Amino acid sequence: SQTIHQWPATLVQPVGSPLSLECTVEGTSNPNLYWYRQAAGRGLQLLFYSVGIGQISSEVPQNLSASRPQDRQFILSSKKLLLSDSGFYLCAWSKGQTEAFFGQGTRLTVV
Amino acid sequence: AQSVTQPDIHITVSEGASLELRCNYSYGATPYLFWYVQSPGQGLQLLLKYFSGDTLVQGIKGFEAEFKRSQSSFNLRKPSVHWSDAAEYFCAVGAGTSYDKVIFGPGTSLSVIP
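If you read the sequences in order, they're chains A and B. For what it's worth, the numbering used here labels the leading residue of the first sequence as 1, then goes sequentially. For what it's worth, the numbering used here labels the leading residue of the second sequence as 1, then goes sequentially.
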């Protein structure tokens, strides 16, 4: 069966520090991969999605970037975090024309 | 551009009462539609989905949703709410060339009064 791993679960980082959140999927190949952000009291904002290695689509211009170095690995990064980057980050995958399956999320607090 | 709206930010119902959560979408082609539920601090769990066929779809936990193309709606319903249904509910649409982009609505927070 397929599983998705996202870490860390919680992260507190100072303003101006770098960020790297990692997500991996097991049990499938060539999935679509997604990064969403959920700010407090708000819905899910699609940040990036990827349909293959090295293929990244950015939905919202901002301080973040994403990379897909391997088929089942999706990384969310920032060179310098802002206070406004705080939120709940969710990784997800889908395959073909199916629903998206979500990881457990990372709670990022920028202080 | 594709979009999803959920007009109700917050809904409060009494336990045992019926529930309807509204969802409207904007998409040029036939959409794939989903409802997810999120408990506090957790990831999202799929309640049900519509791809094609019968416009009334059944999901888990006693939920159902009806796709109405003429109204661009996909409302979620449950005949009798349980206290454990209190959570955040998200409607989503699969869009993009191969439906590879999943766009979510802003969510509806459900509170249940015992």
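Derived from the structure by calculation, the hints contain no laboratory data. If you're wondering where the values come from, they're calculated on a predicted model, not measured in any experiment. Don't take each hint at face value.
[To be verified] Which chain A residues face chain B? A few, computed with CB under 8 Å, are given here: (1) Ala39; (2) Leu44; (3) Leu47; (4) Leu90; (5) Ala100; (6) Phe102; (7) Gln104.
[What the hints assert, rightly or not] With a straight-line Cα cutoff of 25 Å, these simulated DSS-like cross-link-like pairs (lysine-lysine) come out: (8) Lys101/B - Lys49/B; (9) Lys68/B - Lys49/B; (10) Lys68/B - Lys79/A; (11) Lys49/B - Lys61/B; (12) Lys68/B - Lys101/B; (13) Lys49/B - Lys95/A.
For each residue, glycine too, the CB sits at the ideal point set by N, CA and C.
Hint-by-hint comparison with the structure:
no.: 1; hint: Ala39; result: 11 Å, violated
no.: 2; hint: Leu44; result: 4 Å, holds
no.: 3; hint: Leu47; result: 12 Å, violated
no.: 4; hint: Leu90; result: 6 Å, holds
no.: 5; hint: Ala100; result: 5 Å, holds
no.: 6; hint: Phe102; result: 4 Å, holds
no.: 7; hint: Gln104; result: 5 Å, holds
no.: 8; hint: Lys101/B - Lys49/B; result: 15 Å, holds
no.: 9; hint: Lys68/B - Lys49/B; result: 14 Å, holds
no.: 10; hint: Lys68/B - Lys79/A; result: 45 Å, violated
no.: 11; hint: Lys49/B - Lys61/B; result: 14 Å, holds
no.: 12; hint: Lys68/B - Lys101/B; result: 21 Å, holds
no.: 13; hint: Lys49/B - Lys95/A; result: 15 Å, holds
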